[in-house]
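Let's have the full structure, built from the sequences with the hints guiding it.
Every number in the working numbering is 82 more than the matching position in the sequence shown, counting from 1.
Read the hints as simulated data drawn from the structure, not as lab findings. Just so you know, even glycine gets a beta-carbon here, dropped at the ideal spot from N, CA and C.
Beta-carbon label-pair distances, calculated as ranges: (1) 110 / 132: 13 to 23 angstroms; (2) 131 / 95: 30 to 40 angstroms; (3) 94 / 136: 32 to 42 angstroms; (4) 132 / 98: 29 to 39 angstroms.
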Amino acid sequence: AAGYEYVNYAAQNIQIPWFAIGGIDEHNLEEAITAGAKRVAVVRALMKAEYPDHVAKQMRSLLSPA
Numbered sequence: 083a084a085g086y087e088y089v090n091y092a093a094q095n096i097q098i099p100w101f102a103i104g105g106i107d108e109h110n111l112e113e114a115i116t117a118g119a120k121r122v123a124v125v126r127a128l129m130k131a132e133y134p135d136h137v138a139k140q141m142r143s144l145l146s147p148a
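This is the structure:
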């Protein structure tokens, strides 16, 4: 796993839109955001969730501006 140091590097140095991907779920999304992620790709967290719509809404609320 690349880790959040690469997310931080991308946030500081990459000017085109990019996505953080790999192992992101409702439990660590805030860490990815803190590291600089503005967009994420999420698969496993939704596919394994009992209520994927609830997980998606929860995660979306963390990514959306208040």
